[in-house]
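A.B. asks: Take these sequences, add in the hints, and give me the full structure.
Residue numbers (the working numbering), protein chains in the order written: chain D, -11 to 319; chain B, -11 to 319.
Just so you know, the hints here were simulated from the structure itself, not pulled from any lab data.
Since this is a predicted model, take the numbers as computed values, not measurements.
None of the hints are false.
All copies of an identical chain are treated as equivalent in the list; a pair is satisfied when it fits inside any one copy or across any two copies.
Once the Cα atoms are required to be at most 30 Å apart in a straight line, the calculated DSS-like pairs of lysine-lysine come out as: (1) K12 / K139; (2) K65 / K139; (3) K132 / K21; (4) K132 / K65.
There are 2 protein chains.
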Amino acid sequence: MERTPVWIMRQAGRYLPEYRAVRKNHSFSEMYKRPDLATEVTLQPIDILGVDAAILFSDILVVPEAMGMELHFSEGKGPQFPSPLRDEAALKALRPVDSNQDLGFVMEAIREIRRSLADRVPLIGFAGAPWTLATYMIEGGGSKTFQHAKKWRFARPDLLRILVEKIADVVIDYCRAQMDAGAQAIQIFDSWAGILDTDGFEEFALAPVRRIISEIKRPGIPVIYFPKGGMTWLDRVADCGADVIGVDWTIPLDAARRITGDRVALQGNMDPTALYAPPEAIRDQVRSVLASYGKGHGHIGNLGHGMLPDIPVEHTRAYVDAMKEFSPAWK
Amino acid sequence: MERTPVWIMRQAGRYLPEYRAVRKNHSFSEMYKRPDLATEVTLQPIDILGVDAAILFSDILVVPEAMGMELHFSEGKGPQFPSPLRDEAALKALRPVDSNQDLGFVMEAIREIRRSLADRVPLIGFAGAPWTLATYMIEGGGSKTFQHAKKWRFARPDLLRILVEKIADVVIDYCRAQMDAGAQAIQIFDSWAGILDTDGFEEFALAPVRRIISEIKRPGIPVIYFPKGGMTWLDRVADCGADVIGVDWTIPLDAARRITGDRVALQGNMDPTALYAPPEAIRDQVRSVLASYGKGHGHIGNLGHGMLPDIPVEHTRAYVDAMKEFSPAWK
Chain D
-11 MERTPVWIMR QAGRYLPEYR AVRKNHSFSE MYKRPDLATE VTLQPIDILG
39 VDAAILFSDI LVVPEAMGME LHFSEGKGPQ FPSPLRDEAA LKALRPVDSN
89 QDLGFVMEAI REIRRSLADR VPLIGFAGAP WTLATYMIEG GGSKTFQHAK
139 KWRFARPDLL RILVEKIADV VIDYCRAQMD AGAQAIQIFD SWAGILDTDG
189 FEEFALAPVR RIISEIKRPG IPVIYFPKGG MTWLDRVADC GADVIGVDWT
239 IPLDAARRIT GDRVALQGNM DPTALYAPPE AIRDQVRSVL ASYGKGHGHI
289 GNLGHGMLPD IPVEHTRAYV DAMKEFSPAW K
Chain B
-11 MERTPVWIMR QAGRYLPEYR AVRKNHSFSE MYKRPDLATE VTLQPIDILG
39 VDAAILFSDI LVVPEAMGME LHFSEGKGPQ FPSPLRDEAA LKALRPVDSN
89 QDLGFVMEAI REIRRSLADR VPLIGFAGAP WTLATYMIEG GGSKTFQHAK
139 KWRFARPDLL RILVEKIADV VIDYCRAQMD AGAQAIQIFD SWAGILDTDG
189 FEEFALAPVR RIISEIKRPG IPVIYFPKGG MTWLDRVADC GADVIGVDWT
239 IPLDAARRIT GDRVALQGNM DPTALYAPPE AIRDQVRSVL ASYGKGHGHI
289 GNLGHGMLPD IPVEHTRAYV DAMKEFSPAW K
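C.D. replies: Pasting the structure below:
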C-alpha cells in the first residue's frame, strides 16, 4: 500500500449513530453473542469511515466468562463480575475452554464477517492479554486503584502465576480458533499493563504474552501486542515476538522507533481525545504523527487507545481522511 | 547522612490507627484547616515509623478552593467541585490569591509543625502542579477518562493556557509563603501528568512547572517535582529546574538514573502495593530498589505514589527499617 494503513481501536462503537441504532434494541452481550449483529456493527465503520481493516466486534471478557465467571454488562457501570476471583478456591474452579465450542459464537461471527467483507479489507481478531484479564477477574470490574489485583501481584504471586498461565492457555486456544475461522491478524490488548511495576510487567504480563505469541504464530497472520501504559518498557516489549507493537500517546513515535529499531512495526499513536479538536486541528495532529514516525514502511495508523463515545463522526472521518491524504508523502 | 533518607508520600494517613482516631472526630477539611489537628497528624509518622522528613498535612485542592471554587470532601467519593470549571465565564471568575491571607491556616500549620518538630526532621511543604489542579477543576473530581480536561487540552488550548498560568501564579505565591512560614523543601505533585500526550505535557504541565520552580527557588530549599505517569518524558523533566525528580514504579531506578544523569537526584520508587507483601518480601523489594539505584548519593527513599489506606502499619515500618538497614552499603 502506497500510504499508511489506518484503522481505529473501538471503531465499531457508540460514537456511531448506526451503532446506537442497533444497540437501542439489543443488550451489549446480545450484540457480541449474535453473529448477525456482530457482523452488522463490525462492518459499519468500513463504509462510514473508510478504514483499512475491520476488527471483530466482541469483548475481551468473553474469555473469563467462558472460564466460568458470571459476567454482567450494566449501563453506565461497565462490565462487572459479581463474584470476583479472590481466593485459591475460585482459581481452582476456573474451567478449561474449548473455544470452538464454548466461544463458538465468536467463530461464527468471524466467518459471517469474512463472508460479508468479501476481502474488501482484512479482519483483525483479538484477545485480552492474561494480566489484563486477570485484573478484571480479580477486581470484579474496572478500578481506580486495582488494589485487589496488585495485592495478588505482591502478596500472592504464587496464585497470580497460576492464574495468568491458565488464562494464557485459553487465549492460545482462542486465538488459534479465531485464525481457523478466518481472522487475518490478531491483536492482544494489555490495557492494564501500565499499572504494573517493571518486574511485575516482565513476569505477569510480558512472559505469558511471549508464550502466547510463540504458540499462535502463523505465516501471513501478523500479531499486534498493545501494552497500554507500558511505554517505558518498549525495548523489551519489542522482543516479545509480535510483528507490531501498539504505542500509546505518552511517547512520541520517533522515540518509540529509536527504541524498537527494525524489530517491529508500530501502530498508533494519536491521543483519542485529540478528536475533540476541530477538523483542521485534527489534520495538524495527523501531520505531526506522520512526521514523528518519519519515512519508511512499518507504520499502522491508529489512535493510542479506543474511540470515545462522544467524538463527532465527522471528526473521526477527518482523522481517517487526513491519514490517507498525508501519508503517501512519508512512503 | 550515611544512608538513604526515607519518607513516604501520604505518610500521615488512614493506614495509621492514630490518624483514624483523629479523623473519627473531625472532617477531612477540618483536619487540614485547623493548625493543631494538621500538626498532630503531620507528626504521627515521625514517631511511629521513624521517617526522615515530615510532610505538611494538607490537600493540593486548597489552591482551587482559595481561587473561589467550592470544594467538598465526601466520604467514599473523594474530593468534589460541585460546580466544575467548564467555560470562559468560570475561568474569568477565578480569584487571585494572597496565600498568607486566604491560605493563612496552612502557614499557621507550618509554623506550629516546625515548633513541634524542633528540628528533629525537616518539614516538606507542597503544592499541586497547574495541570493536575486544572484537571480536578475542569472534571469536578476524580475521573477515569478525564474527558473534560482532555477536551480543553485539544479543543480549547487557549482557555487551558490561561487556566494553567493563573494557577501557576497562585502556586508561586503559595510556595513562597510556605517557605516564609518555615517549609524546608517543596514538592510539586503532578499526579495526572501521565494522562497527557507528549506535546501537551510539555506545554500544559512542564512549562508552567518550569516557571514556578525558577520563581520560587531559594538556596538550601530543595524543590521536588513528581510527574506521576510521565516517566517516558524523564529526559526533559530533568531540566525543569527541580533538585529532585519523583520517580514512579513504571521505570527501574537504574534506567531513570541513566536518563537523568547528574542533573537531579531521584526520589522513589517502590510500588505502594508492594507493601501488601509480607515483611520479608518487602525487605527483598527494598534491596532490589537500592541495588537498582546503585552507589552514590542523590537517592531519596520513597514509594512511587501515596500510601494506601489498607496497608498494615507493620509492613510500612518494615519498609522504613529496611531502607535504614540496607542503604548504608550503597553510600
